[in-house]
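*Asks:* The chain contents come next:
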Amino acid sequence: MNELIVFTSIMFASLLGYVLIRAYNLLPKEDLLFSIGCSFGLGVGLLFLQMYSYSRFGIAWHIQTLILPWLLILGIVTLIKRKSFHFSLSLFPQLTYFEKFLCVGIFLTCCYVLFEVLLRPLGVWDGWATWLFEAKVFFIDGKISATNLQYMQASYPLLYPLFATFVYEMMGHVDDTAILLISTAFYGFLSLSFFASLRRSHGLTYSLFGTLLLMTLQNLIRHGGRIEAGIADLPQGYYFFICTMLYLRYLTTTSHRLFFLLCTFLGFSTLVKNEGTPFLLIMTILGLYHIYKHKMYSHLLYLLIPCGLLLEWVYFKKISGVDQIYSVAHHFELSLGKVVSSITGTFKEFVTIKSWNFLWIMYFYLLVFSRPIKEKLVNLHGIILFQLGCYLVVYFTTFGNGPESSIPRLLIHIAPIALFIILSQIKDISWFTEKKKVV
Amino acid sequence: MNSFRKIIIICLLISFFGFSLFTVFYNTIKIIPEFNEWGVLTDKQKREKIFGDQYTFYQQLNTRTDANAHILFYTDTGMAYYVERYYLYPKKIIYLSDKKEFLKAVASRKYTYVAIYNEDLTLDGYKKIMTLPQSAMHKGVLYKINE
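Here the protein sequences come in this chain order: R and F. Just so it is clear: in the first sequence, position 436 is 436 by my numbering, and no numbers are missing. Just so it is clear: in the second sequence, position 83 is 83 by my numbering, and no numbers are missing.
Bound-form chain F, shown alone:
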């Protein structure tokens, strides 16, 4: 291998090591601001900070539905589905991303609960039992079938 190539390798290695030391330094000084940002929050506040309205929506769904509820869920954001599915288990989410299919499933009246996130639809045969507060950045509604 010629000297020029060796010099490049040395330069790369020095840069690698230098950046590595910078990472140690940077991470160390980041501890205090990160603690101030996260360490002072409660567990619930941390989850709200990570998931935003989706976590608030989960809390509402959890309190307003039965223990083993199957909830028909419609949203245009896949993330909301996965978050609610994760937090609500063992309550189950039946997710339909296609609006037509969703409205067809609603019309079949097979589901006691229907939840819609990030959109507001009026559903026949169901009554609205919960909505996310006005302060929320997204819309979220829970419907229950009319007895």
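Okay, chain R solo, but in the shape it has when bound:
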């Protein structure tokens, strides 16, 4: 029964996101699968904002007060904008034998992840020490308060725990086995978005091929449904990937609606984990450059969304007395030994094939040897290298942080983008040029 409630909550979040995307044409109609992929993240973000604002304004969390406003909004929007919901797209094209083979692989992987997630209760350290502990505390207390934040020593943003609290509210109690389905949902919607993004420019066979490569990364499977389900790294990876794909679309369309959606997702990205802040920085720089290049200064206004959300969270942490927790626990420390161990530890993770398959080896090989690289892919490389650089700098300069315990998790944030680059770059290589020259 609880599994059904979690599933319904996930569907509700997706429906909410999807209706808003369609009603306001935030994405083109042809981008149906990608819109569905985005809808879950948008819905989760909006439900988080609702939970957070209710708590800030002293409104109690009840099923009625949480669901009814959305039902009302959904009803009105659907009624007014009903024309926006007409679409026709062939979802089930004729498949070749190889495509069917790939689909079977994807299907079996999905079944395995679902089977695994329902098999065990929450077992990952960060899950019961931070993310789902916060969700449990908020649910029991019925609010976010300075007292409970201080007790939990909560210094991370609250998007993931508050969505879990929302689901607990729907259930009426805490069930830390069923709640892990949220991780599986992020895994599924990330895969769908990945497939849709590849298919947009590379065709069906190649997209299925790429999606299978992504879904079978053992580290992703672990976070989606196995031992490490229940922590916020996969959601962070999902939001980073969606933002990056929206950015790529923005480069070609320069639509202000798309930039609005991108900024909204950027705002949510910063509220999943602290690692979202450097991502916001690099994306803002890239966005500003594009705006400046095309003189679309009216778009600048949308950047207030992620900045506003981040500032509100920083302010709330300050008034709750939890703003110093992280910096006290991880004070400044720099030594040559730390730099060396951080680099070697990170390198070891790159070549851990059982976790990452050949993803990082291929990524760095293509980065070094594949030329020329298209401009849009150069930007994506910039995002990955900047993010990775920030993680390394934190390892170099702070006490108690090192790659041994966290790099397998942190690489989840950028792995889908890295795979997207690999597949796009391989597709861009002119395989037979030299041969033709010889002939």
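Just so you know, these hints were derived from the structure itself, not from any lab. Since the model is a prediction, treat every value here as computed from it, not as a measurement. All C-beta atoms in this analysis are idealised placements derived from N, C-alpha and C, irrespective of residue type, glycine included. Don't take every hint at face value.
[As the list claims (entries may be wrong)] Below, simulated SDA-like cross-link-like pairs (lysine to any residue); rule was C-alpha separation at most 20 angstroms, straight line:
no., chain 1, residue 1, chain 2, residue 2
1, F, Lys91, R, His173
2, R, Lys427, F, Asp120
3, R, Lys293, R, Leu281
4, R, Lys354, F, Leu21
5, F, Lys139, F, Asp120
[As the list claims (entries may be wrong)] Where chain R lies over chain F, by a calculated footprint (3+ residues, C-beta under 8 angstroms):
no., stretch
6, 16 to 22
7, 115 to 128
Here the structure of chain R is known, so what remains is to put chain F in place on it, guided by the hints.
*Replies:* Coordinates of chain F only, in the frame set by chain R:
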């Protein structure tokens, strides 16, 4: 890009795909043994399997303390603290990892309950009301203040 580099890319991609297929195959055949290992257990047994004595200790603490108890907690393993904190909420854990500080807090007699995990200390002014069974791999004791 020269042909040699292209050959390497093809080899890497084939290996990537091959390993990916192996993962699908390996995961699929793992379903039955994993079900036999986990699927037959009750929820409580699964948690005991994951957390070991720490979960048993939680169950004991939960039954032997008041509904809104504040428990002074000492352990040399951070994991035990986080596990007990997670499971016991809304009961609250006040964790001190430094032995001197802990003994000072005990001497202040501010706390009704004191729990010690993975160590056995004798505390003045407190009576032992629960210990983990002999079969447990770790020591665990709950004290209550003498009225």
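*Asks:* Indicate, hint by hint, whether the structure satisfies it.
*Replies:* Hint check results:
Note on lysine 91(F) and histidine 173(R): the hinted pairing holds, with a Cα-Cα distance of about 17 angstroms set against a maximum of 20 angstroms. For the given pair, lysine 427(R) sits about 64 angstroms from aspartate 120(F) by alpha-carbon distance, which is inconsistent with the 20 angstroms threshold. A distance of roughly 18 angstroms separates the Cα atoms of lysine 293(R) and leucine 281(R); the hinted pair therefore holds under the 20 angstroms criterion. In summary, the hint linking lysine 354(R) to leucine 21(F) is supported, as the alpha carbons are separated by about 13 angstroms, within the 20 angstroms threshold.
Note on lysine 139(F) and aspartate 120(F): the hinted pairing holds, with a Cα-Cα distance of about 7 angstroms set against a maximum of 20 angstroms. For a cut-off of 8 angstroms, the count of residues in the stretch 16 to 22 of chain F with a CB near a CB of chain R stands at 5, and the three-residue condition holds. For the stretch 115 to 128 of chain F, the assignment as covered by chain R is violated, since 0 residues bring a beta-carbon within under 8 angstroms of that chain's beta-carbons and 3 are needed.
Violated hints, in rising order: 2 and 7; the structure is consistent with all others.
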